[in-house]
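*Asks:* Chain by chain, the residues run as shown.
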Amino acid sequence: MAALQPFTLTAIRTHQASLVAEWLAGLDASGATRNLKADDLKRQTEEFLDLLHAGLQNGDASNLNAGAWDEVRLFLEKLSHSRALLGQDSQQTATFIFSLKGPLFALLQREYSEQPAQLANQLLQVSELLDALGLHTIRTFQKSREAVIKRQQEELLELSTPVVKLWDGVLALPMIGTLDSQRTQVVMESLLQRIVDTGSEIAIIDITGVPTVDTLVAQHLLKTVTAIRLMGADCIISGVRPQIAQTIVHLGLDLQGVVTKANLADALKLALHRLGLSVAKAG
Amino acid sequence: MSAEQSGTQPILLEQDVVRARQLARTLAQGCGMSLINLTKLVTAVSELARNAVVYGGGGHMDWQVVEKDHRKGLRLTFRDEGPGIPDIKLAMTDGWTSGGGLGLGLTGAKRLVDEFELDTAPGAGTRVTILRWA
Ligand SMILES: Nc1ncnc2c1ncn2[C@@H]1O[C@H](COP(=O)(O)OP(=O)(O)O)[C@@H](O)[C@H]1O
Ligand SMILES: [Mg+2]
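From first to last, the protein sequence lines are chains A and B.
Sequential numbering of the first sequence, starting at 1, is according to our numbering.
Sequential numbering of the second sequence, starting at 1001, is according to our numbering.
Treat the hints with care, as some may be off.
What follows is a list of derived Cβ distance ranges for each label pair [as the list claims (entries may be wrong)]:
{"id": "1", "chain 1": "A", "residue 1": "R241", "chain 2": "B", "residue 2": "K1068", "range": "23 to 31 Å"}
{"id": "2", "chain 1": "A", "residue 1": "A280", "chain 2": "B", "residue 2": "D1069", "range": "42 to 50 Å"}
{"id": "3", "chain 1": "A", "residue 1": "K143", "chain 2": "B", "residue 2": "T1008", "range": "29 to 37 Å"}
Which stretches of chain A does chain B cover? Using the computed rule of at least three CB atoms under 8 Å from a CB of chain B, they are [to be verified]:
{"id": "4", "segment": "6-17"}
{"id": "5", "segment": "243-249"}
Just so you know, these hints were derived from the structure itself, not from any lab.
Ideal placement from N, C-alpha and C gives every residue a C-beta, glycine not left out.
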């Protein structure tokens, strides 16, 4: 495909200000500008037009992978990334590119009003170029979005495994939600590390927040218990409600001598007792 | 006995095990199931749904609310088109696993419900139907 006519390039340059204004108005009307600062958006539209112009001058509009388009692609990747962080969806993000079509087409129509054949040719090329750029934006947006989700999951993993010190020598680990292998791994590591750091003798794993104890959860719990014991510490599982206790029995699970308690308070009482401590009323 | 409600939910990925549990919980609550029976049922669902994902390569859970003598219950079928189970007796032995589990999923599920039926053959997939009264 031939490059865009120099005349088109000049037209874009000459009318850049009005192009930006129309583009911004279109973006605003599309609802794709929510959460975005007007200043940022204006800067982004201007920067994109500059880069687009430079790309068209140096490169072929039909091959976006060429070096001449590096800057444009990089710009769109950064844009996608920042939009993903702002919680925009892929449609809103791609609208940034697609809403340039209207103003640009109108401009070409005015400039090529005397040459319909040229107009058709230029419209087609600009359209294909913007489509390709839009698709690139969507693709990179999806990658950014996946990266954001992955990071949030990792953060959640850490957030959901707080090891708390209940007393000198007594740690508690309140588990919440579903225990998958990945989480168990994180939980186990942070608990074992805290046992070492604090020299604790007793660890209480509280499963009040775990709605279903099936054989997989049990397997993960038993692995954790084994690791705790290997470190010379002792383990109590609390939050074993009556319905969970019955289910464990029916499943035929062998808890390998781990003491279980219905609630965390009972577990703490037992832990203190084992340490030779007792709680007495003051006065 | 008259069927009142029924449906199907796909179980393809690990996340679908959680969704199957949630659906079973909601349906069991709708049947007025006691907390103990509900917990047993949901645990059995967890085992069978996971087996369908892990060993059956994914499948479906069919559910049906049933009623008999003014008592409601939930019938669930877990079916997959996986390799099937070559030795049913072995698979229904406490502690036997082919995949590093605890080997208590099938036998445990059986003990957690009122009715349990396993229908499988090598190359013909696996179908487990359970029923739990409220
Ligand atoms: N849907 C299935 N398709 C094929 N094989 C299965 C299926 N469900 C269970 N099995 C076989 O039966 C064995 C026992 O299953 P289960 O009692 O759930 O224990 P586990 O899952 O811990 O292995 C499995 O290891 C597997 O070999
Ligand atoms: Mg299993």
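*Asks:* Hint compliance check: list the failing hint numbers for this structure, sorted ascending.
*Replies:* Violated: hints 2, 4.
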